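Chemist: The chain contents come next:
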Amino acid sequence: MSCCRNAIVPMRRPLFAWLLPRGYEGGRRQSPWRAARSWGSYAIRIAAGAVLLLLCLWLGAQLATVSPLPLPAPLIGMVLLAAFLAMRRGPAATAASAAGDLLLRRYALFFVPAGVGVITQAGMLRGAWLAIAASVLVSSLLALAVTSLVMRLLLASGRGGSSDRHGDPSS
Amino acid sequence: MTHLGPTFGFAVITVLLFEASRALAGRFGHPVLNPTLVTILAVIGVLAACGVPYSDYMRGGGLIAWLLGPATVALGVPLARNLGAIARDGLAIIVSLCAGALTAAITGPCVLAAFGGSAVLERAMAPKAATTPIAMAVAHEIGGMPSLAAIFAIAGGVTVAVAARPVLNRLGIRDRRAFGLAAGVAGSGIGAAEAVAQGPEATAYAALGVGLTAIATALLVPILAGLGLV
Numbered sequence: 005m006s007c008c009r010n011a012i013v014p015m016r017r018p019l020f021a022w023l024l025p026r027g028y029e030g031g032r033r034q035s036p037w038r039a040a041r042s043w044g045s046y047a048i049r050i051a052a053g054a055v056l057l058l059l060c061l062w063l064g065a066q067l068a069t070v071s072p073l074p075l076p077a078p079l080i081g082m083v084l085l086a087a088f089l090a091m092r093r094g095p096a097a098t099a100a101s102a103a104g105d106l107l108l109r110r111y112a113l114f115f116v117p118a119g120v121g122v123i124t125q126a127g128m129l130r131g132a133w134l135a136i137a138a139s140v141l142v143s144s145l146l147a148l149a150v151t152s153l154v155m156r157l158l159l160a161s162g163r164g165g166s167s168d169r170h171g172d173p174s175s
Numbered sequence: 469m470t471h472l473g474p475t476f477g478f479a480v481i482t483v484l485l486f487e488a489s490r491a492l493a494g495r496f497g498h499p500v501l502n503p504t505l506v507t508i509l510a511v512i513g514v515l516a517a518c519g520v521p522y523s524d525y526m527r528g529g530g531l532i533a534w535l536l537g538p539a540t541v542a543l544g545v546p547l548a549r550n551l552g553a554i555a556r557d558g559l560a561i562i563v564s565l566c567a568g569a570l571t572a573a574i575t576g577p578c579v580l581a582a583f584g585g586s587a588v589l590e591r592a593m594a595p596k597a598a599t600t601p602i603a604m605a606v607a608h609e610i611g612g613m614p615s616l617a618a619i620f621a622i623a624g625g626v627t628v629a630v631a632a633r634p635v636l637n638r639l640g641i642r643d644r645r646a647f648g649l650a651a652g653v654a655g656s657g658i659g660a661a662e663a664v665a666q667g668p669e670a671t672a673y674a675a676l677g678v679g680l681t682a683i684a685t686a687l688l689v690p691i692l693a694g695l696g697l698v
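Protein chains in written order, with this note's numbering: chain Z, 5 to 175; chain X, 469 to 698.
Calculated from the structure, these hints are not laboratory results.
Hints should not be assumed to be uniformly reliable.
Just a few of them, taken from the derived set where beta-carbon distance is under 8 Å, the chain X residues facing chain Z [as the list claims (entries may be wrong)]:
1) V483
2) I532
3) T575
4) S615
5) A646
Remember, it's a predicted structure, so these values are computed and weren't measured experimentally.
Beta carbons are placed, not taken as given, at the ideal position from N, Cα and C, and that holds for glycine.
For reference, chain X alone in the conformation it holds in the complex (with noise of 0.2 Å):
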């Protein structure tokens, strides 16, 4: 019984924390309060007031993290639901979406080296346009940490997320197929989050965006690898 608290209380507060910093996003509409930046910031301050370690919350917190893979999954729905859309526009769709990811998995670690970047976060910086679970799993097989891959690709989604309305504005992106694709190619499922806001349209191109760029990552970066470009 002791452990349920702990377990349970954790999930809540996250779970209540995201609504709240949903809330406030759409209150203010303001990119920077991404509703999961906010949830980590805040969660990361109530963890640092109450002394709580990492490996008590995760008691509470893996059960959201555990959520990662059905959802990964679930994205297979947009993807069922918009096949006749992919067959139409398939050629655009693939050709720009490997030079997304080629330019994601190329730059991170070259601009890392640049900086004086060890090889370690190289590694685990190459996978990061792919959504969490498979950068993950593909910085594992290069022999990147896991764990710090997870952190690049939330860090590269939550970029995408806070820069993606000014950048394609500035760009002059008017077409909802393009903002969406490249949302969820550079940004994956946090990318993915801000095109929902943008229309039925860009949230099917983000989640083929997501699941595409996860395929291309996981069989191109390996390759990369070997090649010793990352």
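The shape of chain Z in the complex, shown without the other chains (with noise of 0.2 Å):
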């Protein structure tokens, strides 16, 4: 939403301006070989990125099926990522901040088929619809709630406005 808003020409913004990388600027003033070649580069960073990424994914499968506690493999392979990612700053980390950012961009996109897969579980969920809605509403709300309150309480007690609070534009 953020880049829609700062766009000065949004209707000349390609529909998936999402995938260019960050600072791109459509190209006007550079030379078409200079632009291929950055967007060659960008290309190559995303692709190593990605293996990267599936080799935390991978170990982390591996490592659930010994680990003596019930982590879940994506789990795993995020805390490797991170790890990695705070231990080493060469072109490998670049190419796997690279590569995440572009994931995370989208990533509400994801959960949409999972989402879909609420029309198979329609017969178990007609019975008890109210109680299903009732507790996720009151569970969601309530967890944002505790969460928030107990965050600015212990903000506030400790060195709290240490952070630098800018405004916020859209509300």
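Since each chain sits alone in its own frame, please combine them into the complex, following the hints.
Modeler: Encoded structure:
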């Protein structure tokens, strides 16, 4: 959403602008050769980063089978990736960050197919839809309120305000 | 060759509908126009109109759903980028995150039981604060149905994404760190997507909330289930 708000000429912005490298400005000032080269290096970086992400996922799956704690594979992969990025600052870390950023920019999209799966569970849900709706609403809103209130309390009692609270332009 | 049409067709339709609903949300800015919610309803509408069963849709949808695994690994990127902030606010983050994750894990099954829901539903409801693949794995662990847990996790995420701005404004939460963390803890990935609009600080804390809630849920919910609380 922030990308669309910041765009100066939104009509000229391509639909899949999020696939472009950060800071890509439409290539008007670039020669075609330079543009192609920067595209090529970006694509290679993304591909290398994707391989690294998949390697973390695979390592996570291997560790999950031997782990005594019931931790799912993507979660172990996430911790492995964070540890790798915290320890290293090479081109491999840059590539993994670029690929990760690209995936996270459309994180909400990847939930859609599982959400559409609600149609397969219609029979299961029909009898208890009121209980389920009440449960989801109450527990989600309570968790939202409890987390934010406890966080505010603890930040205020500690060194609250050490972080720059930039104003919120969108609300 | 006959398989390639539906496989890529359904994936492309899903991506296009998602881009369209993002544009819609950006145009009107109302929290109910959550892109995930709108896209899910639109895809269900398309499937119903064309008489396509879910198993056929998943030949293409499965490609998109598969990306959830690498994308969950990718949450390690903002996690690593904000290690300094995590160390600084560490105690506040851990305490409020555990409070929120426990609230979600305990109140969900309790309200369900109060309304007469079955134990199968309760065990799928308990891990719903975690991001979908984790919620499915934990539900499987404690004897719930993973497919139900996925639906509950997504429903919870959409609820949080829609309610975050009105509720947190009403509560007077001005701090972007508290906004981001709460959206990530209560709403996992879909909640975190809502925090993206609140700036980079909220995004970082939301990613942190998603990642750590997934860990907390994976560790705490099996213990709660063992104690008979869930």
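Chemist: Let me know if the C-beta of S615 of chain X comes in closer than 8 Å to any C-beta of chain Z, holds or violated.
Modeler: 6 Å, holds
Chemist: Does the nearest C-beta of chain Z fall within a distance shorter than 8 Å of the C-beta of V483 of chain X?
Modeler: 7 Å, holds
Chemist: Can we keep the I532 of chain X interface hint, with Cβ of chain Z closer than 8 Å?
Modeler: 5 Å, holds
Chemist: Holds or violated: A646 of chain X as interface residue toward chain Z, Cβ cutoff 8 Å?
Modeler: 4 Å, holds
Chemist: Hey, does the T575 of chain X contact hint survive, CB to chain Z under 8 Å?
Modeler: Cβ of T575 of chain X sits 4 Å from chain Z, so the hint holds.
In terms of the numbered hints stated before, the structure departs from none.
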